[in-house]
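Colleague: In case you want the letters, here they are:
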Amino acid sequence: MILDKLQRLGHRGLSRCAAFGRSGQILFQSIVARPAPVMMFPLLIKQIYFVGVLSLVIIVVSGAFIGMVLGLQGYTILVDYGSEQAVGQMVALSLLRELAPVVTALLFAGRAGSALTAEIGLMKATEQLASLEMIGVDPYRRIIAPRLYAGFICMPLLSMIFAVVGIWGAALVAVDWLGIHSGAYWANMQQAVDFREDVLNGLIKAVVFGFIVTWIAVYQGYDCVPTSEGISQATTRTVVYASLAVLGFDFVLTALMFGDL
Amino acid sequence: MGQDTPIDKAAVMPLDDIIVEIRNMTFTRGTRQIFDDISLKIPRGRITAIMGPSGTGKTTLLKLIGGQLNPDSGQILLDDQNIPTLNRRDLFIVRERMGMLFQSGALFTDMNVFDNVAFPIRVHTDLPEEMIRDVVLMKLQAVGLRGATALMPSELSGGMARRVALARAISLDPDIVMYDEPFTGQDPIAMGVLVNLIKKLNQALGHTSIIVSHDIQETLSIADYIYVLSDGKVIAEGTPEVLKQQDSEQVRQFVDGLPDGPVPFHYPAPQLMEELMEGGVFK
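In the order they appear, the protein sequences are chains A and B.
Heads up, the final residue of the first sequence is numbered 261 in the working numbering, and it's a clean run with no missing numbers.
Heads up, the final residue of the second sequence is numbered 283 in the working numbering, and it's a clean run with no missing numbers.
Read the hints as simulated data drawn from the structure, not as lab findings.
Keep in mind that this is a model prediction, so the values were computed, not measured.
There are no misleading hints in this set.
No farther apart than 20 Å at their CA atoms in a straight line, the calculated lysine to any residue pairs in the SDA-like style are these:
#1 B:Lys63 / A:Gly136
#2 A:Lys46 / B:Met152
#3 A:Lys46 / B:Thr109
#4 B:Lys244 / B:Asp215
#5 A:Lys46 / B:Asp115
#6 A:Lys46 / B:Phe108
#7 B:Lys63 / A:Asp223
#8 B:Lys63 / A:Val225
#9 B:Lys63 / A:Thr227
#10 B:Lys63 / A:Ala125
#11 B:Lys63 / A:Thr126
#12 A:Lys46 / B:Arg122
#13 A:Lys46 / B:Met111
#14 B:Lys200 / B:Gln186
#15 B:Lys63 / A:Pro226
#16 A:Lys46 / B:Asp110
#17 A:Lys46 / B:Asn112
#18 B:Lys200 / B:Gln217
#19 A:Lys46 / B:Phe119
Isolated chain A (complex conformation) (with noise of 0.2 Å):
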């Protein structure tokens, strides 16, 4: 009983390291066969429209609330201590740190990833990608290394437009419609944010969540089961593990970055 239970253990061990060794192939093998830059660039752009800007609007929407309901709470609690004047500084902190970031990685790995993982398993259940290397094409090459690349750059792109709508949307809230002077709301904000501090660090996170969840995208659709069940469970399983993948991340990055203070 417990030497059968030991066993299980130990063969979901091996295999969990196995998809950690088969999951850093398919990331150096498409990193080092990255395709020429004429072959690259216009699967590059398809990419990044499909993956970047196709999820803008969800992006947008989310950043406008969530600004919106940020100015709301940072408001409705300032205001007790006098203080909402420093709604602005409260809001763009908030969102270029940590929300912004983190928000959109969520977001991606709901929209972009999914989508990434359905697409290269449903490509791998209709043969596609045995396929493409029967013809001589090498998939890492050809639909792996662009996909990778568009999230690495879609990421930082779509975080700082998060941010930015964000920061809208609660100026919106606490200037337009609770009335807090708007001099006071931008020169506070103004003043408290340091580029490199905030803003540089919020887009390393973003850099590091792309390239995260891109990975783990990626793998999930080329290494799922190609069956209709299979590419389920691997689209399910990217948005768990990516999701937990961001926010233990977050918390690391955190650490690092602001853990001095």
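Add chain B to chain A, keeping to what the hints say.
Modeller: The following block gives chain B in isolation, referenced to the frame of chain A:
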């Protein structure tokens, strides 16, 4: 090549001119041994069929020849190049000599018929677009789908998709074309069209064809040489005429399509009466 009868073909079968040779190959997947020390030879320029019941590893054999899988031991030689020992780059170069028709067609769903057929040419050659257009139209003409260039794969019937996939497989005039279950799921008209196409293209282009199939009549009608696989071994080989005269129980069951025999109809289970008398609910 004229309209030879199978017996005539057997007489002239150039078994010394071999393009693919498998030597003592063993392949295991998980705990199941798919091939147990098998050896076979594929003659150049002929149609060779690999037949056998479902689950015997016919498609796996094509994947091994194409280098998509690696055997546990043994050699797979393509004109003296041992496929399993090639590195990834050399493997992709060797694959330019191969074309493969997948069971599902495996057309690229984001490209129309024209772009699907043009894809291998665009990737592997520097031909100008005007010339690519001419080549693609000729290939599509050969499979009777020149009028379908603008259609997307989702707009094609199963038979049409397989013909487009065939046009794509021969677009670079490969030395070997591998067909994975080309007749499965086709209506009689589409099946007849495919049988004719495979035969005519083989004669016209002179490539080597390897057909994996369990559609006996269609395959016997066009194959020059046949291997029958079962339980990881080659259980019979020869021309269609030789195969029809085989006495082996396994071969007879397969060729005559008998429901019971060495491949049992019933999955292993206790006696029916015994199980019914046990009563209770299904666990």
